[in-house]
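Chains as they are written, first to last, in UniProt numbering: chain A, 1 to 427; chain B, 1 to 164.
Source of the hints: derived by calculation from the structure; they are not laboratory data.
Keep in mind the model is a prediction, meaning the values are calculated, not measured.
Incomplete in silico selection of chain A near chain B, CB under 7 Å: (1) R6; (2) I7; (3) S8; (4) S17; (5) I18; (6) R21; (7) L22; (8) K25; (9) D26; (10) V28; (11) R29.
List of simulated lysine to aspartate or glutamate pairs, DMTMM-like, C-alpha gap at most 20 Å: (12) K25(A) - E118(B); (13) K81(B) - E425(A); (14) K25(A) - D122(B); (15) K25(A) - E154(B); (16) K25(A) - E149(B); (17) K25(A) - E148(B); (18) K25(A) - E134(B); (19) K78(B) - E425(A); (20) K125(B) - D13(A); (21) K84(B) - E425(A); (22) K83(B) - E425(A); (23) K201(A) - E213(A); (24) K25(A) - E131(B); (25) K25(A) - E147(B); (26) K115(A) - D114(B); (27) K25(A) - E150(B).
Label pairs and their in silico Cβ distance ranges: (28) L106(A) - W159(B): 22 to 30 Å; (29) G81(A) - E30(B): 28 to 36 Å; (30) V126(A) - D93(B): 50 to 58 Å; (31) T96(B) - L174(A): 49 to 57 Å.
In this text, a Cβ means the ideal position worked out from N, Cα and C, and glycines have one as well.
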Amino acid sequence: MGEADRISSLPADVIVSILSRLPLKDAVRTSALARSWRHLWTFLPGLRLGWLGDPLGDTSARPVASSWIERIHHVVSSLRGPLLHFALAHRFSSDQFALLQRLLDLLLQKGPVEKLRLSSLFERGVIHLPSFHSLKELQLHRCRIVLPADFRGFDRLSSLTLRSVQISNDHLHLLINLSNNLTTFKATNFVALGDQPFSIKLNLPLLRYLEFELDKFVERVEVSAPCLEQATIRSYAYCRSKEFALVNLVLVTSVVMVSSLYLDHDVLKSLSFAALPSNFTFSRLTCLELFLNARTTDKRKCDTFIWLLQSMPLLKVLNIELNDYDYSIVTDSVDILMRELLLKKHNGISCLDKTLKCVRISMASLNSVMTVIALVKFLLQNARVLELMKVAYWTGPEVDPSMLEVLQNAKVTASSKAKVVITREWM
Amino acid sequence: MITLISSDKRKFHVLEEVANQSLTIRDVIEDRRGRRRADRIILVTNINSKIPEKVIVYWLRHFLMPEEIAHASMSHKKAEKLKKWEAKFFDTDIDTLNDLILAADSLDIPSLFDGACEKVSDILKNRSAEEVGEISKIENEFTHEEEEEEIPSENAWVWRNEFA
Numbered sequence: 001m002g003e004a005d006r007i008s009s010l011p012a013d014v015i016v017s018i019l020s021r022l023p024l025k026d027a028v029r030t031s032a033l034a035r036s037w038r039h040l041w042t043f044l045p046g047l048r049l050g051w052l053g054d055p056l057g058d059t060s061a062r063p064v065a066s067s068w069i070e071r072i073h074h075v076v077s078s079l080r081g082p083l084l085h086f087a088l089a090h091r092f093s094s095d096q097f098a099l100l101q102r103l104l105d106l107l108l109q110k111g112p113v114e115k116l117r118l119s120s121l122f123e124r125g126v127i128h129l130p131s132f133h134s135l136k137e138l139q140l141h142r143c144r145i146v147l148p149a150d151f152r153g154f155d156r157l158s159s160l161t162l163r164s165v166q167i168s169n170d171h172l173h174l175l176i177n178l179s180n181n182l183t184t185f186k187a188t189n190f191v192a193l194g195d196q197p198f199s200i201k202l203n204l205p206l207l208r209y210l211e212f213e214l215d216k217f218v219e220r221v222e223v224s225a226p227c228l229e230q231a232t233i234r235s236y237a238y239c240r241s242k243e244f245a246l247v248n249l250v251l252v253t254s255v256v257m258v259s260s261l262y263l264d265h266d267v268l269k270s271l272s273f274a275a276l277p278s279n280f281t282f283s284r285l286t287c288l289e290l291f292l293n294a295r296t297t298d299k300r301k302c303d304t305f306i307w308l309l310q311s312m313p314l315l316k317v318l319n320i321e322l323n324d325y326d327y328s329i330v331t332d333s334v335d336i337l338m339r340e341l342l343l344k345k346h347n348g349i350s351c352l353d354k355t356l357k358c359v360r361i362s363m364a365s366l367n368s369v370m371t372v373i374a375l376v377k378f379l380l381q382n383a384r385v386l387e388l389m390k391v392a393y394w395t396g397p398e399v400d401p402s403m404l405e406v407l408q409n410a411k412v413t414a415s416s417k418a419k420v421v422i423t424r425e426w427m
Numbered sequence: 001m002i003t004l005i006s007s008d009k010r011k012f013h014v015l016e017e018v019a020n021q022s023l024t025i026r027d028v029i030e031d032r033r034g035r036r037r038a039d040r041i042i043l044v045t046n047i048n049s050k051i052p053e054k055v056i057v058y059w060l061r062h063f064l065m066p067e068e069i070a071h072a073s074m075s076h077k078k079a080e081k082l083k084k085w086e087a088k089f090f091d092t093d094i095d096t097l098n099d100l101i102l103a104a105d106s107l108d109i110p111s112l113f114d115g116a117c118e119k120v121s122d123i124l125k126n127r128s129a130e131e132v133g134e135i136s137k138i139e140n141e142f143t144h145e146e147e148e149e150e151i152p153s154e155n156a157w158v159w160r161n162e163f164a
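Assemble the whole structure, with the sequences as input and the hints as a guide.
What follows is the structure, given as structure tokens:
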């Protein structure tokens, strides 16, 4: 044997970290490699099972066989090291939930589980979430959750993600507000257990990142998060926005301290600022992302836009994404959208005078630049320190000469440094 | 500028900002800040000269493309380019990968460690124990009994050809 076996000379923890990247079956098979490898796999720090990596999972898949759950049960009980993370995405049939529950209870004994991810459990069965005391990261997706009766919060939990989770309003409150160390909270598409829509009060002293989707199951949201740095607030695509006026106001007033904010069209439209003090500002915000729906033209949206600029004295980067996939309609609604902007005089918008350096407008087709041309003109004419105005698109023909002309004509810039760039980008 | 010395006594001069990608080196530099020049030499034992060369190439590529940028505003094109570059970088024999893993482990360079481990696991994926043994030159010293009875019975399902 001339050549040396180099892989076995790696430290055991390094080998285990290679094993943890293998499919479970392959990892277990390495027990037949050599005596020193016999039990290495039993020190796997975690297990990832099912369709992970595929966020939606295979919805057509049949539930797993009960023997599969037994097998995993056996694997988990053979592990000798601490089990730090566990991820499972599989469909289960209703009668298998007892087995699944037994598996979760075993995880609790094995622990200390720090990262837990359960997704796509589909069927009607309810998961009773055991009290994983060491949990730092919890991701739940497409499942029904019930908390233990003596739930006292996850003390160490720093990241919580809930997507399409069915949970009762009370339990949701317990889960969030008893987890004092949360720094990241992402929630989309709740489904209420029971008839009452959610009324959510978040009181999170350490929260820094919030992603929240408003939908018909959410009636009211109040956030108290003094450390919040970044917020993304969008509304569920098919919901009418007028129902949310109140929600958004409360939510937005509590994100005053963020440095990066993402608002989508419907939130923007229903944003009511009448009740805010006149000197209200987002005192740290440097980056604003807006998602505009090109189909709707609305005077109020224009006012809101100006109000946002006025209330963001440090704004440096403005990203606007135009939802214009259906651009046959877009081209009809040419430019009424922001024409209002040009008619009025706007003085004393601090960010336009002093800080706004980069504007990026992206859209599916350059044709729809017509809908925002007034906006482009407005920014070029008023932003005095602008350095870059980038218009990006990703379908349709290469730059249409007539569009170029329109943009060239718009190029009466207030800032001597401003560059206008039109690019076709690869998605 | 700091100097790395490999186990076969070759010297490598690297900009501090570049070598900073190793958390181990960053700590050492931090400890020795303000001291004489001679102290800015770091011995890298257990690593032959072929590996520092590769590590430095990796550093330089990533130095030009810091991860924060990669995360926030890097265009898809650039991300794709970097991905292709990494695929080529890690497309090497298993011994070199082993050494890279060792180097990344001792120098604490998480992205290099992850990339190299990922590649090794790709090589070992979906293979029988015999094949893995052959690729990695691991010598099997099991007794006949262990091999024929004990091991196969422990987790019987992994030896069958079915969906796990």
